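S.K.: Chain by chain, the residues:
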Amino acid sequence: MRETLEYEITVNGEPTPVRARAEATLLEVLRTECGLTGSKRGCDQGVCGACTVQLDGRPVRGCLTLAANVGTRKVTTIEGLAGASALHPVQQALLDAGAIQCGFCTPGFVVTLDALLRENPRPSADAVRHGLSGNLCRCSGYVKIVEAALRAAGAQS
Amino acid sequence: MSTADPLGASIPRLEARDKVAGTARYVDDFVRPNMLHAALVQSPFAHARIRSFNVEKARALPGVRAVVTGADVPVRRVGAMLKDETMLATGKVRYVGEPVAAVAARDPETAALAARLVEVDYEPLPAVLTIDAALAPGAPILHEELASYVRTMEGGSQGNLMWSSRLVEGDVDQAWAKCDVILEATFQTQAQQHAYLETNGVLAEVEANGRITVIAACQSVHHVQTRVADELGVPMSQVRAQVPRVGGGFGGKHATNIHSIAAWLARATGKPVKLVLSRAMDMEIQKSRHPSRIRIKTGATRDGLILAREADITLDGGAYADESPNVLAFCSLMVRGPYRVPNLRVVSRAVYTNKLRAGSFRAFGNPQGTFAGESQMDELAAKLGIDPLELRLKNAAQPGDHWVGGHTLHTCALRECLGEVRKAQKAAPPLPPPAPGRKRGVGFSSTTSISGLMGTSASVHLRTDGTVALNTGCVDIGQGSDTAMTQICAAVLKIPVERIAYASQDSDLSPYNWKTAASRSTYMTGRAVQAAATVVREKIMEHTAEMLECSAADLELREGGKVGLVGVPGKELGFKDVAMRSLFHVGGPILGYHGLVYDGEKFDPKRTLMERFAFSNLGVYTFGATCVEVEVDELTGRVQVLRAWSAHDVGKAINRAACEGQIQGAFTHGLGLALYEQMIWDDDGRLANPSLADYRVPGILDVPPQITPIILEFPEPSGPFGAKGVGEVPLPGVSPAIANAIAQAVGVRLRQLPMTPERVLDALEAKAT
Chain A
3 MRETLEYEIT VNGEPTPVRA RAEATLLEVL RTECGLTGSK RGCDQGVCGA CTVQLDGRPV
63 RGCLTLAANV GTRKVTTIEG LAGASALHPV QQALLDAGAI QCGFCTPGFV VTLDALLREN
123 PRPSADAVRH GLSGNLCRCS GYVKIVEAAL RAAGAQS
Chain B
81 MSTADPLGAS IPRLEARDKV AGTARYVDDF VRPNMLHAAL VQSPFAHARI RSFNVEKARA
141 LPGVRAVVTG ADVPVRRVGA MLKDETMLAT GKVRYVGEPV AAVAARDPET AALAARLVEV
201 DYEPLPAVLT IDAALAPGAP ILHEELASYV RTMEGGSQGN LMWSSRLVEG DVDQAWAKCD
261 VILEATFQTQ AQQHAYLETN GVLAEVEANG RITVIAACQS VHHVQTRVAD ELGVPMSQVR
321 AQVPRVGGGF GGKHATNIHS IAAWLARATG KPVKLVLSRA MDMEIQKSRH PSRIRIKTGA
381 TRDGLILARE ADITLDGGAY ADESPNVLAF CSLMVRGPYR VPNLRVVSRA VYTNKLRAGS
441 FRAFGNPQGT FAGESQMDEL AAKLGIDPLE LRLKNAAQPG DHWVGGHTLH TCALRECLGE
501 VRKAQKAAPP LPPPAPGRKR GVGFSSTTSI SGLMGTSASV HLRTDGTVAL NTGCVDIGQG
561 SDTAMTQICA AVLKIPVERI AYASQDSDLS PYNWKTAASR STYMTGRAVQ AAATVVREKI
621 MEHTAEMLEC SAADLELREG GKVGLVGVPG KELGFKDVAM RSLFHVGGPI LGYHGLVYDG
681 EKFDPKRTLM ERFAFSNLGV YTFGATCVEV EVDELTGRVQ VLRAWSAHDV GKAINRAACE
741 GQIQGAFTHG LGLALYEQMI WDDDGRLANP SLADYRVPGI LDVPPQITPI ILEFPEPSGP
801 FGAKGVGEVP LPGVSPAIAN AIAQAVGVRL RQLPMTPERV LDALEAKAT
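First to last, the sequence lines map onto chains A and B. For the first sequence, my numbering gives the first residue as 3, with consecutive numbering after it. For the second sequence, my numbering gives the first residue as 81, with consecutive numbering after it.
Among the hints, erroneous ones may be present.
As the list claims (entries may be wrong) - Computed footprint of chain A on chain B, listed as stretches where at least three residues anywhere in the stretch have a Cβ under 8 angstroms from a Cβ of chain A:
id : stretch
1  : 92-101
2  : 448-460
3  : 771-783
What the hints contain is simulated information worked out from the structure, not anything from laboratory work. Only a predicted model underlies this, so the values are computations on that prediction, with no experimental measurement involved. Glycine is no exception: its CB is placed at the ideal position from the N, C-alpha and C atoms.
Turn these sequences into a full structure, and let the hints guide you.
M.R.: Shown next as structure tokens:
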């Protein structure tokens with residue numbers, strides 16, 4: 003029927019063979035082919051940020067990225083940031099600040115914040131707010147998420 | 081964490097690690113062997129008769145396993161009060177996007193393609209898209225068979241009038257003559273969408289004997305179980321409902337037709353069927369907050385004592401009744417505001433229009449009524465020359481008052497809430513002056529909301545090793561009830577929360593709970609948990625008394641799951657010792673159960689005339705106050721909230737961080753309603769903005785950097801450890817507080833939501849001319 007492509011992408015450090023429709027998005031491939039369901043589909047239009055993953059360390063929308071175009075760039079998902087025992091400082095800070103409600107947006111915030119803090123380890127509250135302007139949260143009002151980001155920045159330095 | 085007092089502490093959510101690590105599982109994260117994917121066929125017309133279906137091409141497509149249309153399903157109408165809706169449209173469609181048929185296929189692409197191949201022959205009918213069009217003489221009628229529909233009570237339904245009700249206390253007609261000042265105005269609000277980040281979804285599986293399991297993103301497994309059984313025409317014993325993690329609900333994830341559609345397809349194919357809605361479809365076919373038009377009139381004496389209030393409320397209910405009658409009731413009850421209003425008359429109605437159904441949404445009719453009432457309070461203050469906050473304090477409901485329907489207010493700290501937000505705003509460091517062309521204002525509002533309603537229950541089991549299993553039917557849709565319930569149980573038994581396993585909800589196992597709704601989980605299910613855990617504690621004491629050969633009165637519960645002899649530090653037994661005895665020697669397993677329905681005072685019919693209200697009592701009232709500082713750009717019309725304070729008398733914060741999160745989150749929903757969010761239907765009744773790109777949920781740059789929650793704790797005698805609900809009360813006051821601040825800043829009164837830059841500019845222009 004439709005064209006299926008076979009290729010390989012590197013996800014969380016692991017070369018992963020993919021067999022998917024040509025138009026499959028990275029989000030779709032991660033969720034269905036790789037079994038990595040931490041990246042969420044909130045809008046499928048690049049608005050909500052729940053599907054945020056990193057390509058070579060930079061945050062991108064999983065739902066707007068064609069999996070077949072990823073090439074040799076390294077994909078990092080929420081699963082690649084979480085250690086089995088210790089949490090990433092951003093994860094710990096979100097947990098400690100009480101910034102978690104329904105949790106559906108949380109992986110996207112963690113992945114975005116990780117990239118943000120690597121680029122700017124001591125951001126101002128304003129810089130955090132601008133850095134998170136592509137992620138929607140419907141539960142929290144964002145206040146505690148910003149608190150958590152600043153807390154994580156303090157912890158990392 | 082101190083085990084002595086697990087209450088009030090901001091302990092992280094029990095499931096927080098899973099949520100931050102991406103391992104929390106939501107319905108779309110589940111797959112099953114041989115799972116099929118469903119797709120829906122939607123109506124292109126706002127109003128049309130369905131002449132026929134042709135599904136041959138869809139059925140013939142390779143990979144398609146089942147096609148079902150409204151014509152294949154026996155007509156079984158469902159609805160909360162008025163049973164007017166079927167699983168798939170039958171005979172007629174009544175809004176654009178309404179599901180008329182569904183397909184199950186081996187993959188999502190095949191299902192979507194097959195859905196496009198279903199041919200439907202429609203006879204388009206004229207549609208009514210507004211309240212006025214619906215109520216106009218000779219208007220096209222949505223439900224010709226309305227009179228024959230089953231209803232739980234008479235609602236005065238006729239034509240496109242879905243429901244009407246009346247609430248009267250005192251005598252407004254006589255009171256007007258005693259008023260020195262009378263104000264009257266009309267306020268309008270828009271359709272707001274829940275916009276939970278996770279869309280509605282379901283996975284249905286069938287057992288060989290035909291029994292169905294429905295895994296749904298939902299707010300009550302019991303509600304889903306009931307509706308699926310009703311729509312499939314099977315006993316509830318043939319339907320099992322489960323819930324995984326839920327990505328937000330806000331009233332938008334009660335039982336919905338998609339649960340039954342997936343269940344139907346699973347039965348038809350014998351295979352698991354998944355149906356997770358796209359964002360566009362979720363917005364087109366689920367529900368919205370009711371658009372409203374409220375004419376409100378308030379009269380007061382010259383020194384600011386309110387004597388009378390009258391309101392005429394019309395809600396746009398959309399194509400199906402859903403929760404409209406109850407939303408209407410709440411709007412009617414809340415439009416008075418949290419004040420002593422001796423004379424009150426509220427006449428209200430909900431109407432059918434050819435649009436998406438409106439239904440339950442966080443605060444349930446309260447935001448509409450409060451926008452009107454609290455805006456009018458400021459206009460009244462201006463007319464009287466009284467400070468708006470003083471006017472509120474003067475009329476505020478107080479403890480001991482016999483309030484709505486005569487209900488006694490045991491706790492009411494409205495005056496304290498108002499005082500706290502004013503104090504906090506005055507104490508805040510001054511902001512740098514606004515840029516030229518921008519003006520600032522401060523606005524206040526008061527609110528109240530209830531927690532109570534209907535039945536709930538909990539069971540607590542002592543395990544072999546002395547740890548505890550806690551079961552309730554209360555679904556955590558993000559608000560934190562799993563953690564709050566566990567904290568309550570831990571506090572009763574004096575054990576760390578880690579020793580309690582809180583079970584996820586399953587209609588086969590969980591004791592009944594109506595739903596996660598109406599700010600009722602902490603207050604209602606919390607009461608059940610507290611009482612069930614107390615039963616277990618008492619049984620443990622009885623066992624220990626026999627084991628230590630002493631009187632139970634001489635025993636004390638000690639921290640960490642031990643019971644000891646008072647005054648004798650070493651003389652004690654652990655929960656494990658008691659559990660082992662009960663399981664293997666004497667008495668049998670230790671299980672505590674408690675169930676209740678809201679048991680507070682009933683409305684007094686001699687005091688209050690209430691026509692066509694479903695509830696004879698409501699719950700306990702939480703009171704609150706909101707203060708905002710806004711900046712208005714007179715050139716662009718843009719309104720920005722700079723800082724906000726939100727104070728509420730929650731009784732007791734079971735988990736402080738969660739309580740603050742509820743306040744900040746509800747405030748932000750109110751902010752979206754006030755300034756940004758609006759579902760827009762075009763002239764053909766098509767939703768013009770079914771995406772998060774075109775429907776604007778507040779982003780991080782739209783909200784004030786500080787939304788300061790202020791928690792006041794005056795214990796409610798009937799609440800678990802004194803707690804009341806907080807999920808809704810911070811929401812309704814936001815839009816009037818902003819409107820009041822805009823009026824103070826630039827001298828214009830906005831009476832329609834959302835208060836967009838265009839509306840602000842129009843008002844400024846009208847003022848100038």
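S.K.: None of the hints should be skipped; say for each whether it holds.
M.R.: Evaluated hints:
| no. | hint | verdict |
| --- | --- | --- |
| 1 | 92-101 | holds (count 9) |
| 2 | 448-460 | violated (count 0) |
| 3 | 771-783 | holds (count 8) |
Checked against the numbered hints above, the structure violates only hint 2.
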